[in-house]
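Each residue of the sequence shown is one higher than the one before, counting from 3 in this note's numbering.
Careful: at least some of the hints might be erroneous.
[Said to hold, decoys possible] Ranges between beta-carbon positions, derived for each pair:
1) Glu68 - Phe104: 22 to 32 angstroms
2) Thr39 - Thr96: 39 to 49 angstroms
3) Asp67 - Glu32: 39 to 49 angstroms
4) Leu101 - Leu35: 40 to 50 angstroms
5) Trp59 - Lys111: 14 to 24 angstroms
6) Arg99 - Glu66: 50 to 60 angstroms
7) Glu86 - Glu19: 18 to 28 angstroms
8) Val43 - Arg99: 38 to 48 angstroms
9) Phe104 - Gln45: 20 to 30 angstroms
10) Glu29 - Asp67: 14 to 24 angstroms
11) Leu70 - Arg99: 18 to 28 angstroms
12) Glu68 - Ile23: 15 to 25 angstroms
13) Asn52 - Thr96: 25 to 35 angstroms
Just so you know, the hints here were simulated from the structure itself, not pulled from any lab data.
Cβ atoms here follow ideal geometry from the backbone N, Cα and C, with glycine treated the same way.
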Amino acid sequence: DGSLEELKGFELKRRGELKLIKVFQSEVFEHFLKGDTLEEVYQAVGAIANRWLDMLWTKGANFEDEELMEFISESSVMSKSAEEYGDRKSCPVTTARRLAQFLGEDLIKDKGL
Numbered sequence: 003d004g005s006l007e008e009l010k011g012f013e014l015k016r017r018g019e020l021k022l023i024k025v026f027q028s029e030v031f032e033h034f035l036k037g038d039t040l041e042e043v044y045q046a047v048g049a050i051a052n053r054w055l056d057m058l059w060t061k062g063a064n065f066e067d068e069e070l071m072e073f074i075s076e077s078s079v080m081s082k083s084a085e086e087y088g089d090r091k092s093c094p095v096t097t098a099r100r101l102a103q104f105l106g107e108d109l110i111k112d113k114g115l
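Can you make the complete structure from the sequences, with help from the hints?
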């Protein structure tokens with residue numbers, strides 16, 4: 003029927019992944035269903051990959067700043083306070099600690115940051 007039933011190892015449904023990754027994978031998957039031969043499928047998927055590679059190589063020159071920021075920024079909520087994470091390293095924890103350096107330690111003392 004032209005639909006994919008299950009995907010494993012991809013970021014489409016994961017929280018915390020860059021929108022760029024999710025949109026890229028979504029577009030690639032749609033194009034896997036196009037073409038009557040393997041070569042046609044590779045051409046369709048390759049065109050999508052090249053478009054997104056161009057965006058990276060040009061550092062988003064063809065995108066509005068706001069749109070570019072949506073693609074390359076991450077949104078995450080910490081369920082515990084930064085202190086409760088201990089020495090654990092992750093993008094949200096590191097970001098919280100760096101924000102605290104500028105805005106004060108009170109900012110990261112509560113959970114739900």
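| Taking the beta carbons of Leu101 and Leu35, is their distance inside 40 to 50 angstroms? | 43 angstroms, holds
| Is 39 to 49 angstroms a correct range for the gap between the Cβ atoms of Thr39 and Thr96? | 46 angstroms, holds
| query | Range hint 25 to 35 angstroms: satisfied by the CB atoms of Asn52 and Thr96? | reply | At roughly 33 angstroms between Cβ atoms, Thr96 and Asn52 fall inside 25 to 35 angstroms, so the hint holds.
| query | Is the distance from the Cβ of Glu68 to the Cβ of Phe104 consistent with 22 to 32 angstroms? | reply | 23 angstroms, holds
| task | Given the hint of 39 to 49 angstroms, check if Asp67 and Glu32 actually sit that far apart at their C-beta atoms. | result | At roughly 27 angstroms between Cβ atoms, Glu32 and Asp67 fall outside 39 to 49 angstroms, so the hint is violated.
| Outcome for the supplied range 20 to 30 angstroms, where the beta carbon pair is Phe104 and Gln45 | 48 angstroms, violated
| said: Holds or violated: the 38 to 48 angstroms window for the beta-carbon distance between Val43 and Arg99? | reply: Given about 45 angstroms between the Cβ atoms, the range holds.
| field | Whether the CB-CB distance between Arg99 and Glu66 falls inside 50 to 60 angstroms | value | 31 angstroms, violated
| Should the hint that Glu29 and Asp67 are 14 to 24 angstroms apart at their CB atoms be regarded as holding? | 22 angstroms, holds
| So the hint says 18 to 28 angstroms: do the beta-carbon atoms of Glu86 and Glu19 match that? | 23 angstroms, holds
| Taking 14 to 24 angstroms as the hint, is the beta-carbon distance of Trp59 and Lys111 inside that range? | 42 angstroms, violated
| said: Within 18 to 28 angstroms: is that where the Cβ-Cβ distance between Leu70 and Arg99 falls? | reply: Holds - the Cβ-Cβ distance for Leu70 and Arg99, about 26 angstroms, lies within 18 to 28 angstroms.
Consistency with the previously given hints fails for numbers 3, 5, 6 and 9, ordered from lowest to highest.
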